[in-house]
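Read top to bottom, the protein sequences are chains A and B.
Add 12 to the 1-based position in the first sequence for this note's numbering, that's all there is to it.
Add 4 to the 1-based position in the second sequence for this note's numbering, that's all there is to it.
Everything hinted at is true.
Capping the alpha-carbon separation at 20 Å, the derived lysine to any residue pairs in SDA-like fashion look like this: (1) A:Lys89 x A:Ala136; (2) A:Lys34 x A:Ala88; (3) B:Lys63 x A:Gln132; (4) B:Lys357 x B:Pro377; (5) B:Lys357 x B:Ile382; (6) B:Lys63 x A:Glu105; (7) B:Lys63 x A:Ser107; (8) B:Lys357 x B:Ser329; (9) A:Lys89 x B:Phe67; (10) A:Lys89 x A:Gln144; (11) A:Lys89 x B:Arg70; (12) B:Lys63 x A:Gln81; (13) B:Lys63 x A:Ala136; (14) B:Lys401 x B:Val538; (15) B:Lys280 x B:Met257; (16) B:Lys63 x A:Arg95; (17) B:Lys401 x B:Leu542; (18) B:Lys63 x A:Gln70; (19) B:Lys280 x B:Gln353; (20) B:Lys341 x B:Val368; (21) B:Lys63 x A:Glu135; (22) B:Lys63 x A:Met106; (23) B:Lys63 x A:Glu76; (24) B:Lys63 x A:Ser69; (25) B:Lys63 x A:Ser79; (26) B:Lys357 x B:Gly335; (27) B:Lys63 x A:Arg84; (28) B:Lys283 x B:Leu272; (29) B:Lys63 x A:Arg78; (30) B:Lys280 x B:Gly318; (31) B:Lys283 x B:Thr229.
These are computed hints drawn from the structure, not numbers from a lab.
Because the structure is a prediction, the values reported are computed rather than measured.
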Amino acid sequence: MKVREKLGQYDSSRPFQAWLYKVAANHCWDMLRRRRIRQDLETEGVEEMPLEHPDPSQLDQLLEQRSSQDMREALAKLPSRSRMALVLRYYTEMSYDEIAESLGLRRNFVGVVLLRARHQLREALAGQANSQGAAAGRGQ
Amino acid sequence: MSQIDNSGRGRNEGHVDEMSCLQYLEGLLERPRALEFSAHTEQCSDCRALLRALERESKLLSFALREQEESVPARLLAGPARERTPWGWIVSFGLAASGAYWVWTSIIDPWQAQLAQAGFGGSDLLSTVFIQSALWKGWDTMWTMVQALAVISLGLVGFLLLRRTLRRWNTIALMMTVIVAALALPLGVSAIECHKANTNYTLPADRVVHDDLLVSGQTVRIDGTVDGDLFIFGQNLTVNGHVTGDVISAGSMLTISGTVDGNVRASLGVLNIHGKVGKNVMGFTGTLLAESQSEIGWGAILYAGDATMDGRIGRGITGRMGHASLDGFVGGDVSIKANDSFDVGPHAQLLGKVQYTGPSQPAVAAGARLSNPIDVNIEAKTSNPDYIFSGMSLWHKLLFWGASFIFGLVLLFIAPGFFNETVQTADRFGVSLGVGALVMIATPVLACIACFTVVGLGIGISTALLYLIALYGSKVFFAAWLGRGIFNWGRSKAGTAGPSEQQSFRTVTASGAMVGHLALGLVILYAVRIVPYVGFWLAVMAVVWGFGAMSITLFSRMRHGAAAI
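Input sequences plus hints: build the corresponding full structure.
Below you can see the structure in the form of structure tokens.
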């Protein structure tokens, strides 16, 4: 319903999916904002974020031979707010300030949210690789 | 969070953390930290590798998202377009257009026709009123001045709007405008003989005034001759002599026993005509008595509480009265709307058509001679509950609502800043009402005073016209204020208003929302107006309130200069 209401504002020169994500995100955040739990959700576990130097070779290996399709499937498995943060940054190319405004976050938390989303994405990609490896093993 | 860990613990040993890498890639690190980071990565292959991996991840992410671009299905775009048809606007404009059409066909056009019947002629109302001097002999010369004043007013408004950028020139512009206005103001009214008497004034029978004569006093008696127009104001006014021009009068009672070659235009408690009027009589009077020996050469336009016309009227009669009585000769058509009753006496001789609208059948005496049967239109009194709640009354109110709404829309879109500010000013209940009452009374008084000064006739008339427009507009501001208050109250009850909005309604409202507020407020205003007596006084209060808010806003803007309108 929300998408139908907003379709009149869609700029056809812009990517549809990003726009769709944005509408959905705004709607969700509106609801969360009303319940006054948005900030709690966004900042929960910030202290638990790993502040470390990941192994570049492992990351390279994970990204190796990953297709766009794999990436999209992994994105689809992410929690909605993480997926939205990645879409706003790497698809609509919003600045951190714009993302903060769009998601109703404090500016300082945007980086944290993006980093956490990347970690979740890697976990999803790793899960895909494991299941594909297992399937290949069963096939042999 | 950017840090290069030299503690030698875990994977962070001597390396930068991932968050810092990301911020570096995004160009978000401050310059000193970015330089430190860059220097480190030049030496540290592990960190360089991490940077490359993260960059690759970002590109892959972007590519994956962009690759999936697709066009929007046409059916999705087409569906909502139909739903977005602005029915509210269509209905509002339709009602407004219907209202305008109704006002023209029901009020202006019939009046125009009736004016023509009464001998005022003219191809249109404007030319009748202004050009052909029906209401004011001096209009021919005044018209040029009115045009000049209109241009000057527009210039003033323009300078007001540009005041911020033309501040230094503003004073000069105003001075120039005043000079131009002074030069353009009427020369025609300078040739006039004025007399102001504290108690009595009498123009002797043997005296002839060869100019226009303006007289005011408690008792004024004109026994002599005025070779021009006579302006006469006071309590007991009598014209026994001869006036070659028009008589313009205001006061308690005017008796015309002599001869007036021109027109009589009067706003009086009582107008009593014994003598002869060469042209037309136009009167706004409590009582009009045209006695049997009286003679009106042309026609009569009357708005009177009680009108008795027993004399001779060369052409027609048009008017609205409480009670009307005809018992003399009328050469033209008669069109009368009476709130109470209409009598035709035994000596009446009506040559033209007679059209009557009123609450009951007219009483026609046996001896009356009518060329045509009276066209009677029985219409219930507007104060009658049956009429108030009739479909026609409600339809009229709907049309008036449409007209007010469209007026408000024009105001809102021409000057949204002023509109919003006025609505906010209306929050100040007491001040708005007080200032409104004061300005509403003072403005017409000042306009009248201006009319009687040498330089002020045009200014007075222009002020009066603007005053009428402002009176109409004031209810629009009040309605928008009322609608906004109800909207905000509803939102606060529903819990959707922010804390600041709950504390105060004094928030600037977007034009779209203001349109909704205006529509709702006008509906309530017209609905309340239906309630007998109370509704009338509430409507008066709304007008005073809105007028006050508008006056305060205008005054504030004139003092501080116009911001964005």
